[in-house]
Amino acid sequence: MVTVYTTSVCPYCHMAKEYLEKNDIKFKEVNVEEDEAAAREMIQKSHQMGVPVLDINNTIIVGFDKAGIDKALGL
Amino acid sequence: MYELIIIGGGPAGVAAGVYAARKKINTLFLTKDFGGQSLVSAGIKNWIGVKDISGFELAKNLEGHLRDQEDIEIKDNVFVSKIEKQGEVISVFTDKGDKFETKTILLTAGSRHKRLNVPGEDKYDGKGVFYCSTCDAPLMKNKTTAVVGGGNSGFEAAMDLLPYANKIYILEYTEECKADSVTCDKVRASGKSQEITMAEVKEIFGDEFVKGIRYQNRKTGEMKELSVEGVFVEIGFQPNSESVKDLIDLDKYGRIIIDQKTQKTSSEGIWAAGDVTDVLYNQNNIAAGDAIKAVLNIYDYLKIK
Chain A
1 MVTVYTTSVC
11 PYCHMAKEYL
21 EKNDIKFKEV
31 NVEEDEAAAR
41 EMIQKSHQMG
51 VPVLDINNTI
61 IVGFDKAGID
71 KALGL
Chain B
1 MYELIIIGGG
11 PAGVAAGVYA
21 ARKKINTLFL
31 TKDFGGQSLV
41 SAGIKNWIGV
51 KDISGFELAK
61 NLEGHLRDQE
71 DIEIKDNVFV
81 SKIEKQGEVI
91 SVFTDKGDKF
101 ETKTILLTAG
111 SRHKRLNVPG
121 EDKYDGKGVF
131 YCSTCDAPLM
141 KNKTTAVVGG
151 GNSGFEAAMD
161 LLPYANKIYI
171 LEYTEECKAD
181 SVTCDKVRAS
191 GKSQEITMAE
201 VKEIFGDEFV
211 KGIRYQNRKT
221 GEMKELSVEG
231 VFVEIGFQPN
241 SESVKDLIDL
251 DKYGRIIIDQ
261 KTQKTSSEGI
271 WAAGDVTDVL
281 YNQNNIAAGD
291 AIKAVLNIYD
301 YLKIK
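In order, the protein sequences belong to chains A and B. In this text, residue positions in the first sequence follow the working numbering: the first is 1, and each later residue adds one. In this text, residue positions in the second sequence follow the working numbering: the first is 1, and each later residue adds one.
If we strip away everything but chain A, and leave its shape as in the complex, we get:
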């Protein structure tokens, strides 16, 4: 399962989502700006507060790191 933690105007979040869409990867988006529990969950998982954070089958990727995403997804 893939979860993307985002904020509304963050360009790297948009880029990460578009990248997943382009590769036909289904994902759940969680906006941590609106959902404080989700913000805590993201911080707990990634040990930091910057967005985007991607949880790809329990592999945590901070930032729009294409190489990291490719590796986690086996692209």
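Honestly, the hints are just simulated from the structure, not real lab data. Values in this document were obtained by computation on a predicted structure and should not be read as measured data. Glycine included, C-beta positions come from ideal geometry on N, C-alpha and C.
Cross-link-like lysine-lysine pairs, in silico, DSS-like; alpha carbons within 25 Å at most:
no., chain 1, residue 1, chain 2, residue 2
1, A, K66, B, K32
2, B, K141, A, K45
3, B, K96, A, K66
4, A, K71, A, K17
5, B, K96, A, K71
6, B, K303, B, K85
Label-pair ranges, simulated between beta-carbon atoms:
no., chain 1, residue 1, chain 2, residue 2, range
7, B, K51, A, N58, 41 to 49 Å
8, B, V182, A, K26, 40 to 48 Å
9, A, K26, B, Y281, 40 to 48 Å
10, B, N282, A, H47, 29 to 37 Å
11, A, S8, B, V182, 20 to 28 Å
12, B, R22, A, Y19, 24 to 32 Å
13, B, F205, A, K26, 35 to 43 Å
Chain B: place on chain A using the hints.
Just chain B, lined up with the frame of chain A:
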């Protein structure tokens, strides 16, 4: 061998790419991504012809405009590590291990966020130290924050923080903040901001996350502490000129010295435009215009070669 390689996908590079394609110059376009520094802007209100556009949309438009050109080869997700010159052949090396040869180069690689280089900055990167206020300001809901830098980018970061943070300290190194009055007025009117001038940041501290910032008053020498949970670093930009540092003349800030009329650098066959150069004003519109100037000059140069 290419006639031209353009390096960098900000407004300068894309403007150059569109012109080069329309002039049918045999061009290779190399970039990591599109949009340049404005990518992280929430709203750009001075890109001429468009009233208001987000950095992300601007990046999309730039990329779309470039990809719409028929006569240009584009490789993105590529970082240029080194440029070498032998006689009239210029070689461009990438992080992917590729080497491309060309007659001319237009370097529009822009600049990147300058770091503070103080203890705690690396340790708390993402843990309270941030470089993208558009991205990370929403995480600062009801928190006390500091912005380091009282220039335009500093005050824009403060603007991004206004809807979320309950207090924003703005630490400025010099005697006064130098942001545009429109932005300053808005930030000041919020009542949430407090400007501290003559402040030199010495340390960012905390436990797992940032708890505070230590700075010295440059006038009195006094050390002071602020309790903050977020530090947004906006102290200016550093030119991405490393790939050519042994090849062409740079000024003391590492910016490429150019001939203002033609955008030529000190090395024949290499031109530069935008924020990687010693241009006086760092603006999207100016970067685009300067890059076009460069391509037209390159076109003339290739014709007589």
